[in-house]
Amino acid sequence: GAVVSQHPSWVICKSGTSVKIECRSLDFQATTMFWYRQFPKQSLMLMATSNEGSKATYEQGVEKDKFLINHASLTLSTLTVTSAHPEDSSFYICSATGTTVYEQYFGPGTRLTVT
Amino acid sequence: KNQVEQSPQSLIILEGKNCTLQCNYTVSPFSNLRWYKQDTGRGPVSLTIMTFSENTKSNGRYTATLDADTKQSSLHITASQLSDSASYICVVSAGGTYKYIFGTGTRLKVLA
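These protein sequences, in sequence, are chains A and B.
The opening position of the first sequence corresponds to residue 1 in the working numbering, with each subsequent residue numbered one higher.
The opening position of the second sequence corresponds to residue 1001 in the working numbering, with each subsequent residue numbered one higher.
Mixed in with the good hints there might be a few duds.
[Said to hold, decoys possible] Derived DSS-like pairs: lysine-lysine, alpha-carbon spacing no greater than 27 Å straight-line: (1) A:K55 with B:K1099; (2) B:K1017 with B:K1057; (3) B:K1001 with B:K1071; (4) B:K1099 with B:K1071; (5) A:K14 with A:K66; (6) A:K66 with A:K20; (7) A:K20 with A:K64; (8) A:K64 with A:K41; (9) B:K1099 with B:K1057; (10) A:K14 with A:K64; (11) B:K1057 with B:K1109; (12) A:K64 with B:K1057; (13) A:K41 with B:K1071; (14) B:K1001 with B:K1099; (15) B:K1099 with A:K41; (16) A:K66 with B:K1099; (17) A:K20 with A:K55; (18) B:K1099 with A:K64; (19) B:K1109 with A:K41; (20) A:K41 with A:K14; (21) B:K1017 with A:K41; (22) B:K1001 with A:K41; (23) A:K41 with A:K55; (24) A:K20 with B:K1099; (25) A:K20 with A:K41.
Calculated directly from the structure, the hints in this document are not laboratory data.
Everything numeric in this text was worked out from a predicted model, so none of it was measured.
If we strip away everything but chain A, and leave its shape as in the complex, we get (with noise of 0.2 Å):
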């Protein structure tokens, strides 16, 4: 089956500084990219939408400018984190679908910690 990784897992960053988080699908082109964040207890909340060569697209009340999404390439989407702050901490995950509007294949997760 189709395989979404990201990278790393987990990172702890101090206050202030930015984090860059990979989305990769593995065995297929992802024409789409999704980005989400869960907090604990929570379902998934969708922060932005990106297709492959375009600017990405936020979900009301997601800035942009803090979450910069970039996704390059037809496998590879980021998502960075900017001046990063403690209540950005949070479990962030991406998905991908490829051919089929059907298919969302999920990547297993970044655990974000800000100090």
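For this one, chain A is given, so just place chain B on it according to the hints.
Positioned in the frame of chain A, the structure of chain B alone reads:
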């Protein structure tokens, strides 16, 4: 407003027992409905995907049903195992878009 509601919020059962999780949605136009299993600290893993014309779909001990008329779905787990302890998320896709509406999930705990 497009919404997906799941019940119960949490459930505790004994190993070997069956259970059924519910999902009600108001998404329109409907495209498909998926059930995912999410282990703590991991990304969701797809269990079943159903389109409008499908009433039931099985994946091992997991059986999902869909009633498009009443806009309800259920996920039945047979002979539960300790490894079934996880959150189960119902996701409905709106037709013609990449919009996926997530339910809040049901947290299942299976006890020995």
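Checked hints:
no.: 1; hint: A:K55 with B:K1099; verdict: holds, 17 Å
no.: 2; hint: B:K1017 with B:K1057; verdict: holds, 20 Å
no.: 3; hint: B:K1001 with B:K1071; verdict: holds, 14 Å
no.: 4; hint: B:K1099 with B:K1071; verdict: holds, 17 Å
no.: 5; hint: A:K14 with A:K66; verdict: holds, 15 Å
no.: 6; hint: A:K66 with A:K20; verdict: holds, 12 Å
no.: 7; hint: A:K20 with A:K64; verdict: holds, 14 Å
no.: 8; hint: A:K64 with A:K41; verdict: holds, 25 Å
no.: 9; hint: B:K1099 with B:K1057; verdict: holds, 23 Å
no.: 10; hint: A:K14 with A:K64; verdict: holds, 21 Å
no.: 11; hint: B:K1057 with B:K1109; verdict: holds, 23 Å
no.: 12; hint: A:K64 with B:K1057; verdict: violated, 39 Å
no.: 13; hint: A:K41 with B:K1071; verdict: holds, 25 Å
no.: 14; hint: B:K1001 with B:K1099; verdict: holds, 13 Å
no.: 15; hint: B:K1099 with A:K41; verdict: holds, 22 Å
no.: 16; hint: A:K66 with B:K1099; verdict: holds, 23 Å
no.: 17; hint: A:K20 with A:K55; verdict: holds, 17 Å
no.: 18; hint: B:K1099 with A:K64; verdict: holds, 19 Å
no.: 19; hint: B:K1109 with A:K41; verdict: holds, 14 Å
no.: 20; hint: A:K41 with A:K14; verdict: holds, 25 Å
no.: 21; hint: B:K1017 with A:K41; verdict: holds, 24 Å
no.: 22; hint: B:K1001 with A:K41; verdict: holds, 23 Å
no.: 23; hint: A:K41 with A:K55; verdict: violated, 31 Å
no.: 24; hint: A:K20 with B:K1099; verdict: holds, 25 Å
no.: 25; hint: A:K20 with A:K41; verdict: holds, 24 Å
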